[in-house]
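For chain G, the structure is supplied; the task is to place chain W on it using the hints.
Protein chains: 2
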Amino acid sequence: MDSEHTIKAFDAELKILRSRLGEISDLVQSQLSAAVAAIAKRDRGLAPRVISLQSQVDSLQRQLEEQVVITIARRQPMAVDLREVVSVLRISADLKRVGEIAQNVGKRVVEMSDRAAPLRQLTRSVRRIGLLSRDRLAAVLDSYARRDLAGALAVWRGDTDIDDLYAALVRELLTYMMEDQRQITSSLHLMFCAKNFERIGDHATNIAESVYYLIEGRSIGEERPKGQSAIPSAAPAGG
Amino acid sequence: MDSEHTIKAFDAELKILRSRLGEISDLVQSQLSAAVAAIAKRDRGLAPRVISLQSQVDSLQRQLEEQVVITIARRQPMAVDLREVVSVLRISADLKRVGEIAQNVGKRVVEMSDRAAPLRQLTRSVRRIGLLSRDRLAAVLDSYARRDLAGALAVWRGDTDIDDLYAALVRELLTYMMEDQRQITSSLHLMFCAKNFERIGDHATNIAESVYYLIEGRSIGEERPKGQSAIPSAAPAGG
Chain G
5 MDSEHTIKAF
15 DAELKILRSR
25 LGEISDLVQS
35 QLSAAVAAIA
45 KRDRGLAPRV
55 ISLQSQVDSL
65 QRQLEEQVVI
75 TIARRQPMAV
85 DLREVVSVLR
95 ISADLKRVGE
105 IAQNVGKRVV
115 EMSDRAAPLR
125 QLTRSVRRIG
135 LLSRDRLAAV
145 LDSYARRDLA
155 GALAVWRGDT
165 DIDDLYAALV
175 RELLTYMMED
185 QRQITSSLHL
195 MFCAKNFERI
205 GDHATNIAES
215 VYYLIEGRSI
225 GEERPKGQSA
235 IPSAAPAGG
Chain W
5 MDSEHTIKAF
15 DAELKILRSR
25 LGEISDLVQS
35 QLSAAVAAIA
45 KRDRGLAPRV
55 ISLQSQVDSL
65 QRQLEEQVVI
75 TIARRQPMAV
85 DLREVVSVLR
95 ISADLKRVGE
105 IAQNVGKRVV
115 EMSDRAAPLR
125 QLTRSVRRIG
135 LLSRDRLAAV
145 LDSYARRDLA
155 GALAVWRGDT
165 DIDDLYAALV
175 RELLTYMMED
185 QRQITSSLHL
195 MFCAKNFERI
205 GDHATNIAES
215 VYYLIEGRSI
225 GEERPKGQSA
235 IPSAAPAGG
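Same order as they appear, the protein sequences are chains G and W. Heads up: the first sequence begins at 5 in the numbering used here, then just goes up one per residue. Heads up: the second sequence begins at 5 in the numbering used here, then just goes up one per residue.
Treat the hints as calculated values from the structure; they're not laboratory data. If you're wondering where the values come from, they're calculated on a predicted model, not measured in any experiment. Backbone N, C-alpha and C fix where the C-beta goes; we use that ideal spot for every residue, glycine too. Heads up, a few of these hints could be off.
As the list claims (entries may be wrong) - Footprint (simulated), chain G over chain W, 3 or more residues, beta carbon under 8 angstroms:
no.	region
1	75-89
2	178-186
To be verified - Pair ranges (Cβ atoms, derived):
no.	chain 1	residue 1	chain 2	residue 2	range
3	G	Val114	W	Ala158	27 to 33 angstroms
4	W	Arg150	G	Arg128	50 to 56 angstroms
5	G	Gln60	W	Ile20	37 to 43 angstroms
6	G	Val114	W	Thr10	52 to 58 angstroms
Just chain G, with the same shape it has in the complex (with noise of 0.2 angstroms):
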């Protein structure tokens, strides 16, 4: 009996703690789609929800650690509740960086001056290639809220497409700015926003790792595929 109580107990702190990490989840993808559209229709006016919502996340993150913590301690829980609760925390903290990485979107698009404003061909690569991040970020935690394997090895195999992306970008961006030389500085901030979105892929890739942790009760062994290098090692124009 006293053992059944246990086991509801640390059912109901679970529940509540995969809602919390729902909220988090919700509130990281809506900031991300945010800065896609910010970076995309480069509307500085989103630009600062972008922003502000990361203190919300942080704080949220905070609790959520804080609330596993208290739960592994009053609950002991063991074998796969234990994983449960480990992988809330892992979700929870790359959830927690794609934020940061949102923000930072956020950022550079305040930063970007309207005088120089680059190619639209350019920014459409750049949102694309936030897109198929933000998607694969959804995929992952779907695969997460449904326990799916297959899908979340989906996600973690897959990253070549965006790596690939990003790599033609660079090229391109590359080019342009050697054409024009004013373009420099926006040509950087469009780069580096899509480095950014590339690393919520690699994150998307962590939390493949922890659903494969959770349901599997190891860790993936073997190597990922990787996609082309980004950055030529020589300049396009024979540098």
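Frame of chain G, contents of chain W only:
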């Protein structure tokens, strides 16, 4: 007697966890030093070692994470003991990312072309940022080893010097890229290396927060000071 046995068993496991974390810490610090040396001397012979060390770091961190989970499950630590093992988990995750960053610098050294060697002055600036980040990491790991709250807080507060150096370097690199297009590719690699080193400073800050949490039993609340913005909103040459 039974509880005394449990305490001794926990202490023994904690000692092992700490010593494993110490191993990772030493490995990552030497990896980072090698990365700084590789970019400073553009030493391609050094770079492969920086890159290949990461699989060792990853594997040690994965093992440590598993041991932490086993320790929590088996010993069910409470209060400060629980904070101890949670801190090991957090700090090891930050060290793993520092390793990944060093690895990325190594990859860029390999990719950088010999033909377009950037100004020695710029390489020196990147090296300075790298050394500052390495020192900051060493300082915070030392504060962890000695449970030195003041030392951790000093690291936590003092990130602005790296931010400022980075901002100055970006301005220099922008001017340089505009003066000589052939330098754009290698300048970008330098910029990303500097950005990478700056991010190591952020991980040192995270570790400082883990040390604070370990000693004080709660999270740091207040906002940290930040240095100036890195990329100017308009290009220096009147873009």
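Which numbered hints fail: The structure conflicts with no hint, since it agrees with every one listed earlier.
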